[in-house]
Amino acid sequence: MHPTRRQAVLVGASLALGACWPAQAQARLKVAAVYTVPAGQQWVGRVDKALKAAAARGEIDYVFSENVAAADFERVVREYAEQGCALIVGEAFSVEAAARKVARAFPKTAFLMGSSGRPQAPNFAVFDNYIHEPAYLTGMIAAGMSKTRRVGLVAGYAIPEVNRLMNAFIAGVKEVDPKARISVAFIDSWFDPPKAKQVAFGMIDDGVDVLYAERFGVSDAAKERKVLAIGNVTNTQDKYPETIVASALWNVEPTIDAAVAAVKAGKFRGADYGKYSRMQYKGSELAPLGTFEDKVPAELKARVAKKQKAILDGKFIVKVNDAAPRATR
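Position one of the sequence shown corresponds to residue 1 (the numbering used here), numbered consecutively onward.
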């Protein structure tokens, strides 16, 4: 097995290396995922969670490869397609050309890839974490909880799918405190907790007391310096009970469930599955305040609840802004 590759089956059956599914479980849909980062990373971790849930219900057989280098991506995806996997999932942001090339070579295989590009007929569908709506709400909370009126954002790359979340968060901050000062930084990595932590330390030294933790490592810095942090994609408040005040959660289950149903019905097409990440589809949500339930002022909670209802009712639209966010001084 390639040293950067790991396969797993989540159906209680053993798997021979190189096989896409156990022979005794072929009645279920065969699904493979190819991840360029660890399966526990924020973004792909949510995809992995949704696929595990479908496997636990007996709907699919699921295998995956993680930490797949860009140079190996095309080969790994092609191998899964050759093995007969009906649906292949992954993030193609840094390997877009390779993913689309394999999809063209296997037109009868369904591909559901995280991508900021367009769908590709007939079989390459795209999705992404459109969680800008709860991100806006967390921005409101961040502004209301900041004592210095300084809020910082530490993220991976300045690409559309990251920018839209940050811009929505900033818009939420500005609704509550139009004069709040915003610091923005990118670490140019999807997984470098030590670097993210050091960048966050710099912001804290500059007066920031609430940090948007788009990457792992930021919350650790906030915890050490006893300031607050806002979670992104996943809820880690159980690990940071005195630090994470709110989180914008991404639930990939609606996306995966829609794709699996389409494949089983023979109706899968190259389409944009982005809508399934919206709050109205339960693809995203504002996490419960948990340990901060009694620490967030009642007036602020009421204001956030009112805005959330407006979003769900379609009376307030959180704009999708893919431009690189700007710091304010």
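Read the hints as simulated data drawn from the structure, not as lab findings.
Check the hints yourself; a few may be wrong.
Subject to a maximum C-alpha distance of 30 Å in a straight line, what follows is the list of computed DSBU-like cross-link-like pairs (lysine-lysine) [unchecked claim]:
hint, residue 1, residue 2
1, Lys197, Lys49
2, Lys315, Lys239
3, Lys223, Lys147
4, Lys147, Lys239
5, Lys49, Lys174
6, Lys319, Lys282
7, Lys295, Lys267
8, Lys197, Lys239
9, Lys226, Lys295
10, Lys195, Lys147
11, Lys223, Lys197
12, Lys267, Lys179
13, Lys239, Lys195
14, Lys239, Lys226
15, Lys306, Lys147
16, Lys319, Lys309
17, Lys319, Lys174
18, Lys267, Lys223
19, Lys239, Lys49
20, Lys267, Lys101
21, Lys174, Lys301
22, Lys101, Lys315
23, Lys226, Lys179
Source: prediction; values computed, not measured.
Tested hints:
Under the criterion of a C-alpha separation no larger than 30 Å, the hint pairing Lys197 with Lys49 is consistent with the structure, at around 26 Å. For the given pair, Lys315 sits about 35 Å from Lys239 by alpha-carbon distance, which is inconsistent with the 30 Å threshold. About 16 Å separates the Cα atoms of Lys223 and Lys147, which keeps this hinted pair within 30 Å; it holds. Between the alpha carbons of Lys147 and Lys239 the distance comes to roughly 23 Å, so the proposed pair stays at or under 30 Å and holds.
Distance check on the hinted pair: Lys49 and Lys174 sit about 33 Å apart at the alpha-carbon level, beyond 30 Å; violated. Of the supplied pair hints, the one linking Lys319 and Lys282 holds, its CA atoms being roughly 18 Å apart against a limit of 30 Å. The suggested pairing of Lys295 with Lys267 is violated, with an alpha-carbon distance near 49 Å, which exceeds 30 Å. For the proposed pair Lys197 and Lys239, the alpha carbon gap of about 16 Å is at most 30 Å, so the pair holds.
A distance of roughly 15 Å separates the Cα atoms of Lys226 and Lys295; the hinted pair therefore holds under the 30 Å criterion. Proposed proximity of Lys195 and Lys147 is supported: the alpha carbons are some 26 Å apart, at most 30 Å. Note on Lys223 and Lys197: the hinted pairing holds, with a Cα-Cα distance of about 10 Å set against a maximum of 30 Å. Taken as a hint, the Lys267 and Lys179 pair is broken in the structure, with Cα atoms around 50 Å apart against an allowance of 30 Å.
Simply put, Lys239 and Lys195 have alpha-carbon atoms about 20 Å apart, close enough for the 30 Å limit, and the pair holds. Simply put, Lys239 and Lys226 have alpha-carbon atoms about 14 Å apart, close enough for the 30 Å limit, and the pair holds. Between Lys306 and Lys147 the alpha-carbon distance is near 23 Å, which keeps this suggested pair within the 30 Å criterion. For the hint linking Lys319 to Lys309, the alpha-carbon distance of about 16 Å falls within 30 Å, and the restraint holds.
Restraint check for Lys319 and Lys174: satisfied, since their Cα atoms lie roughly 14 Å apart, inside the 30 Å limit. Distance check on the hinted pair: Lys267 and Lys223 sit about 48 Å apart at the alpha-carbon level, beyond 30 Å; violated. With a CA separation close to 18 Å, the supplied pair Lys239 and Lys49 stays within the 30 Å bound. Restraint check for Lys267 and Lys101: the C-alpha separation of about 22 Å stays at or below 30 Å, so the hint holds.
A C-alpha spacing of about 16 Å is found between Lys174 and Lys301, which places the hinted pair at or below 30 Å, so the restraint holds. Annotation: proposed proximity of Lys101 to Lys315 is violated, straight-line Cα distance about 41 Å (limit 30 Å). Taken as a hint, the Lys226 and Lys179 pair is honoured in the structure, with Cα atoms around 24 Å apart against an allowance of 30 Å.
In summary, the structure is inconsistent with hints 2, 5, 7, 12, 18, 22 from the numbered list given earlier, while agreeing with the others.
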